[in-house]
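So the protein lines, in turn, are chains A and B. The numbering of the first sequence is my numbering, which starts it at 265 and goes up by one. The numbering of the second sequence is my numbering, which starts it at 1053 and goes up by one.
Some hints here could point you the wrong way.
[Unchecked claim] Now the stretches of chain B that chain A is said to cover, found in silico as 3 or more residues with beta-carbon under 8 Å:
1. 1104 to 1111
2. 1134 to 1148
3. 1180 to 1186
It is worth saying that the hints were derived from the structure and are not from the lab. By construction, the Cβ of each residue, glycine as well, lies at the ideal position given by its N, Cα and C atoms.
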Amino acid sequence: MSTETTANETFNDSHVLDPAATTLSQESISQEITDIHAAYRQSVVEGKKAETQPRIDFAPYRSSLLRHPTKNLHHVDPETIELHSPAFGERDVHALESDLTIQHNGEPIGERIVVAGRVLDGDGRPVAGQLVEIWQANAAGRYIHKRDQHPAPIDPNFTGVGRAITGPNGEYSFTTIKPAPYPWKNHHNAWRPAHIHFSLFGTDFTQRMITQMYFPGDPLFSLDPIYQAITDQDARDRLVASYDHSITSHEWATGYNWDIVLTGSNRTWMEDEEGEN
Amino acid sequence: MPQAANTQAPALKLAPTPGQTIGPFYGYAMPFDKDNELVNQANPNSVRLHGVITDGKGEAIPDALLEIWQADEHGIVVSKDGSLVRDGYTFTGWGRTAVDNVGHYTFTTLNPGATEAGKAPFIMLTVFARGLLNRLFTRIYLPEDTAALASDPLLAALDDEQRRTLIATREEDGSLRFDIRLQGDLETVFLSYPRGS
């Protein structure tokens, strides 16, 4: 939770900024996305199951080319350690860490928002007492991270990091500033839709996930190869928060609701099955 | 220990939220003080677990974040809180580390014991990286109990080359060495589980 430099922030960023990639046009990247999506929709028409996760092999996101396994994931029956998850609690996270607007002496610049929702497992059960971590760019689209050299202002009153422990019904709430879109080097004139990174734990470590929450109606959605790596429209929609006026508070902050569904617990049904035997 | 038959896993009632890449800018947010020290180095039972993560060209990946989750040396799953404050005495079983500029990582931990008699002990590993659109899971097996390794259901289902990617090497000083290859020759075997999505 500090802004101090960590080891991985100091290296040269030449590997991040691929000069060759920046010559690609948005049009050609968009065409690649369109072709992959069309092939996916056709496969669903032909009876293939709808996809719920991003492709890890998704060429329009150029950094994925050498960083995805080429072999299928090996399906395995979970064993003891895989049926449990690390525990976090009040000892780990102070209640004030969920307010990203009070971490410095002054008020951060930007649109104050509250993002609230619940963490559920794939059976709809609340994930209670578990760690949620977020990080994000500021209202100008700039991260505190040393390697972010986008020429937009740093806000001395905004770090953009928060943590919370979910309540008994899986609920969480963060007070923050609405992040802005920012440019990146995947191709020429590439811009990421505004997003907040979320890191989540479940009741089994196999439910561990990191994802990104987006804001409704972002005009950059169709152009973004990271978001579009999720080939299924319904699945993509699950990463978009809803504006929620019941979360909005009078003369203070606008509100967004976003519920997160993890994959299924294996411990519950495997234990049930053992009980029946 | 129930033996799952994958075909019997009940379907999810809700559609799971998709994952996304961790991106390049987690370095000021996710690491925390002593995040990779599950035990203090002064602990006489401490062991170094280390290795490098490489891409499809064999080049080091300098922007990956790794997490491990494991039982203690007696095979007990502890599930104690306090990981984020690291008091130096509480073994919580969980650790996190950002790899360094040359893709190298180190955890200070314990050799996990077998969670059941005759089972091969292993550490769960999760990989996040820029360029990796969703997290990957794998297992780091300890090399010593060759009988347990030989009867392990996962290892038995793999060919020799694949099996080698999941078994750590014990170095002369007692350290465990485990390299992660996201793609290419000796690509690490990554795992999926019932009810994954």
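To see whether the hints hold, each was checked on the structure:
Given as covered by chain A, the segment 1104 to 1111 of chain B passes the check, having 4 residues with a CB less than 8 Å from a CB of that chain where 3 are the minimum. Figure legend: the segment 1134 to 1148 of chain B, annotated as covered by chain A; annotation consistent (7 residues with Cβ-Cβ distances under 8 Å, at least 3 required). Residues of the segment 1180 to 1186 of chain B with a Cβ under 8 Å from some Cβ of chain A number 7, which satisfies the need for three, so the listed coverage holds.
Taken one by one, the earlier hints all hold for this structure without exception.
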